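Modelling step: build the complete structure from the supplied sequences, incorporating the hints.
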Amino acid sequence: MFGKLSWAAVPLHEPIPMITSVVVILILLGVIGWVVAKGHWRYIWDEWITSVDHKRIGIMYILLGAVMLVRGFADAIMMRTQQAAAIGESAGYLPPEHYNQIFSAHGTIMIFFAAMPLVIGMMNYVMPLQLGVRDVAFPTLNSVGFWLTAAGALLVNISLFVGEFARTGWLPYPPLSETTYTPGVGVDYYLWAVQISGIGTLMTGVNLVTTVLKMRAPGMSYLRMPMFCWTTLASNLLIIAVFPILTATLAMLTLDRYFGFHFFTNEAGGNQMMFVNLIWAWGHPEVYILVLPAFGIFSEIFSTFSGKPLFGYRSMVAATLFIVVVSCMVWLHHFFTMGAGPAVNTFFGIASSVIAVGTGVKIYNWIFTMYGGRVRFEVPMLWSMGFLVTFVIGGMTGVLLAIPPADFVTHNSMFLVAHFHNVILGGVVFALFAAIEYWFPKAFGFRLHPGWGKAAFWFAFIGFWVTFTPLYILGLQGMTRRLQHINYPEWAPMLYLSVFGVAILVVGAACQVIQLVVSIRDRDKLRDVTGDPWDGRSMEWATPSPPPMFNFAVIPNVEGEEAYWGIKTRAIETQRLGPEPVYKPIHMPLNSPVGVITAFFASVTGFALIWHIWWLVILGLVCAFAGFVWFAWRDIHEFEIPAEEVARIDRARRAARRAILERLAREQGKPA
Amino acid sequence: MSELDYDPHDLGHDHAPGDEPAESAGHWVMNYSIGLALATILTVGSFILPALGLVWGPSLPVALIVLAIAQMGVHLVFFLHITTGPDNTNNVLALAFGVMMVGLLVIGSIWIMANMHHYMAPMPPEAMTHMQAPAAAPTVPPAF
Amino acid sequence: MSDIVPASAEAVQRVREDPHRLGHRAHGEGAPVMGAGHGETGPANSRIIVGYGFWIFLLSDIVMFSAFFAAYAVLMNATAGGPTGRELFELPRVAIETGCLLLSSFVCGLSFAASVAKNRMWTQIFLLITGLLGAAFLYLEIDEFIGFAAQGATPQRSAFLSAFFSLVGLHGAHVFVGLLWLGTMMAQVQAKGFSRMVQHRLLCFNLFWHALDIIWVALFTVVYLMGAAT
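Protein sequence lines correspond, in order, to chains D, E and Y.
467 is the number that my numbering gives to position 467 of the first sequence; each next residue is one higher, with no gaps.
Here my numbering = 1-based position in the second sequence + 1000.
Here my numbering = 1-based position in the third sequence + 2000.
Warning: the hint list may mix true and false statements.
Per the computed footprint, the stretches of chain E lying under chain D, defined by three or more beta-carbons under 8 Å from a beta-carbon of chain D, are [stated by the list, open to error]:
id: 1; region: 1069-1075
id: 2; region: 1095-1109
Derived list of chain Y stretches under chain E, where covered just means 3 residues or more per stretch with a C-beta under 8 Å from a C-beta of chain E [what the hints assert, rightly or not]:
id: 3; region: 2060-2070
id: 4; region: 2110-2123
id: 5; region: 2222-2229
Taking CB as the label site, the calculated pair distances span [claimed, not checked]:
id: 6; chain 1: Y; residue 1: Gln-2156; chain 2: E; residue 2: Ile-1110; range: 21 to 27 Å
id: 7; chain 1: Y; residue 1: Ala-2191; chain 2: D; residue 2: Pro-579; range: 44 to 50 Å
id: 8; chain 1: Y; residue 1: Phe-2176; chain 2: D; residue 2: Trp-458; range: 56 to 62 Å
id: 9; chain 1: E; residue 1: Val-1092; chain 2: Y; residue 2: Ser-2195; range: 25 to 31 Å
id: 10; chain 1: D; residue 1: Pro-579; chain 2: E; residue 2: Val-1092; range: 51 to 57 Å
id: 11; chain 1: D; residue 1: Val-582; chain 2: Y; residue 2: Ala-2191; range: 38 to 44 Å
id: 12; chain 1: D; residue 1: Leu-621; chain 2: E; residue 2: Val-1092; range: 32 to 38 Å
id: 13; chain 1: Y; residue 1: Ser-2195; chain 2: D; residue 2: Thr-337; range: 33 to 39 Å
id: 14; chain 1: D; residue 1: Tyr-258; chain 2: Y; residue 2: Ile-2146; range: 18 to 24 Å
id: 15; chain 1: Y; residue 1: Ser-2195; chain 2: D; residue 2: Tyr-258; range: 38 to 44 Å
id: 16; chain 1: D; residue 1: Val-582; chain 2: Y; residue 2: Trp-2122; range: 40 to 46 Å
id: 17; chain 1: Y; residue 1: Ser-2195; chain 2: E; residue 2: His-1118; range: 27 to 33 Å
id: 18; chain 1: Y; residue 1: Trp-2122; chain 2: E; residue 2: Gly-1057; range: 46 to 52 Å
These are computed hints drawn from the structure, not numbers from a lab.
This structure is a prediction, so every number in the text was calculated from the model and none was measured.
For each residue, glycine too, the CB sits at the ideal point set by N, CA and C.
As structure tokens, then:
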């Protein structure tokens, strides 16, 4: 009846997962109880869960990513402390089978369920506003994509409580991940969680590419798009190009595990190296899927806080597209040591070094954007400058690893671990924190407290270097990754230092939380009434904060690069607003529960597949199909916002702008 | 979005892939029929080519691939109405990007795996014994 | 939207002080490039948006196929002592399958032409023929698989057969999903006529069905013809 599922699957005898699960479940029940008791359920269902508004979905993505970032960080703390504790005689506090689950879960969660949702959330929220449109191309599909990602995250977290997670690393290399060596459900949890969220990501990729290519406001030609829109386009092109490879590869492993196929087995002609080859054909572009939007975020921030247009806009576009193409030609550098010949290794070594040229162009462009500008050291700018330093060093260690003979020494060592944390933390995570700081006032109408933000940055920046510099050194001394126990006492000082760095990072994370709490408390003091708190340059700052559901009362007509900057300077010079436009009713897509329903059936089907509950698999699939047909039968997809309502909202915005214009005129009138 | 409603006679200068607006039904049928005829010729050619023996054996796969690519082109042009016109720029660019990915993945995988196969070919057991390092006493940490 | 002002007076100064518009070539006020969606003419109409979105989804689907093609190409000779393609494949059957799918694709195109002309009867007739030919294809393929299994050539036998069954089976699964979709579309055309949404879906279905035929061209060439010849 319940396949492989039984009470034995619940790890009642293991304290760490049990206590964590109980705490998580209590918090969850507490939140749900509070929502129901306060009568917020209706609001949350109508305004958030079934919402197809790209801004709401973007915020939900970021929320999901932030929660999973905390979960992944907890795993990281356990790994660092275990390694510092288990030196020589001591065995540490995590048994090997548990430790292996933790490092696998850490990688899986951080890439698929923390970084991806955060990055996609940012693109979802900002890109349509920057392009001057009212929503993405397929709003309902957007909701489906988000909820499928959430379903995948749910499955990963269920594995903590029911059964186990994979012990095979974040990419389950066969033959270890085959049923012969890993008969449990851990790898199955991994497979179905990643498959379900991968489908969601693919939908988002299709959606956002179509939005950028086909939906831009009048006048917004390709070379007038803000850099973040370019990098969004590039990142989503990569998503649609490589996520299918991930789907296919994991499907092959699934066939091996469920039906005894021989793609990657030791017997009957299977070839494990094919898995490694295919998974990295996805895996390397994946890091650029994450980091390209980060580059876009930094481009916006450097230009805004230097008070200058982005230096070398066109070369930036070219470098972005160059990276898109070349990132698909470097995947072998993840397995130089697997035994390819000099021809293959040389080709991929050179390609891997060449891709750094594109990134180098960007680094110089950012530096020259600051040069001659009037730099304001606000919190987003601090994160960006911290990124410049960190990322350059991370990039250089990357070039070192791209040289095959050097890679033979450092492959799978702590040096590698330090390198990719250097680029992903220093590149992607710093960008996301900068972006949250930068666009928070746009999303919620008040700024984050700058003092706590600065504290968070400095603790994170110093903590990062104290944590990872020792790992570089340990890697060069020969320490390999994923060690549950350390045999060499002479490595102890560096491992202790690294734990000290983690402690600093924890303080930084605490500062972030305090910053949020303090900012919510003081929101009236931090209120952004202008809609343009940072003196921005692109169209999202033309809307009030937070933007109305329809973003723009009248679709803007873009007349040049940095659309909003041009409009703004003209308004200041002429000292008046433009004439009031003629307001028309706006049609917006209706909310739809289809996303959350699809995700519900996907979770049920995924869970049933993991535990081999076949009747439930069939039931889930039939219900999913029925749901689709039911959705396809709806006739009404849009509702109308009457012209008077549009006019009321936009007049409030114009009044706010007029007040500032008058204040500005008074200030300028005063003698200096 | 109702201002963007579909009007089949006013598609402007951009096409959805697969669309060929403002043509009579006769034109459609004509177009599909030409496509069917060409595709049939190419398919039949592919199937009888190995039996005919017109092509030198080792080059047969190349000939078959050429025929297949030609047929895919026929499908794209006559069934999917992909052209080189400016109205199709985005559709063609997307297609080119997809083709590039397919090419990189398939050719890259074959090249890499063939290379590994070459360098990692199984060797007889006696050759393997030479490669083994002298057995050292394993250092097992006391914790285990 | 020419009514927007900055938050501070500093901005005004910075505009005047910014001497470096380096790296920016002025675009001038050249005539906008005609063509909705590319150039400067604003959002495309919804038919183009839907069609284009589905088009790039199809391209990603083709990339997924290409991963299975790559796996097949690598594992083609890993028969592990089991049956080879040369021993198994029956080319006459494959030729009939190919004919079914090609004709099906052709008739699907006709149904699309009929739907653009909003002719319900012919749309339904052509869709039905499309579906029947697709079903015939699927029947032949399943029959082939069962025949192979009866000879002991199951996907569990060797890596070559795993790759073969997955690649061909993936295409078959797409055809099956296409048939489900087709049935739903026939019901929608009957119930709703040619509303805008139904038209969009017919466009997408047409793209999907043609794309399946294109994949089949690669499939019968690489798997069957080259497998039987070498």
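These are the hints, each one checked on the structure:
{"no.": "1", "hint": "1069-1075", "in the structure": "violated (count 0)"}
{"no.": "2", "hint": "1095-1109", "in the structure": "holds (count 8)"}
{"no.": "3", "hint": "2060-2070", "in the structure": "holds (count 7)"}
{"no.": "4", "hint": "2110-2123", "in the structure": "holds (count 6)"}
{"no.": "5", "hint": "2222-2229", "in the structure": "holds (count 5)"}
{"no.": "6", "hint": "Gln-2156/Y / Ile-1110/E: 21 to 27 Å", "in the structure": "holds, 25 Å"}
{"no.": "7", "hint": "Ala-2191/Y / Pro-579/D: 44 to 50 Å", "in the structure": "holds, 48 Å"}
{"no.": "8", "hint": "Phe-2176/Y / Trp-458/D: 56 to 62 Å", "in the structure": "holds, 58 Å"}
{"no.": "9", "hint": "Val-1092/E / Ser-2195/Y: 25 to 31 Å", "in the structure": "holds, 30 Å"}
{"no.": "10", "hint": "Pro-579/D / Val-1092/E: 51 to 57 Å", "in the structure": "violated, 42 Å"}
{"no.": "11", "hint": "Val-582/D / Ala-2191/Y: 38 to 44 Å", "in the structure": "holds, 39 Å"}
{"no.": "12", "hint": "Leu-621/D / Val-1092/E: 32 to 38 Å", "in the structure": "holds, 36 Å"}
{"no.": "13", "hint": "Ser-2195/Y / Thr-337/D: 33 to 39 Å", "in the structure": "violated, 59 Å"}
{"no.": "14", "hint": "Tyr-258/D / Ile-2146/Y: 18 to 24 Å", "in the structure": "holds, 20 Å"}
{"no.": "15", "hint": "Ser-2195/Y / Tyr-258/D: 38 to 44 Å", "in the structure": "holds, 41 Å"}
{"no.": "16", "hint": "Val-582/D / Trp-2122/Y: 40 to 46 Å", "in the structure": "holds, 45 Å"}
{"no.": "17", "hint": "Ser-2195/Y / His-1118/E: 27 to 33 Å", "in the structure": "violated, 59 Å"}
{"no.": "18", "hint": "Trp-2122/Y / Gly-1057/E: 46 to 52 Å", "in the structure": "holds, 48 Å"}
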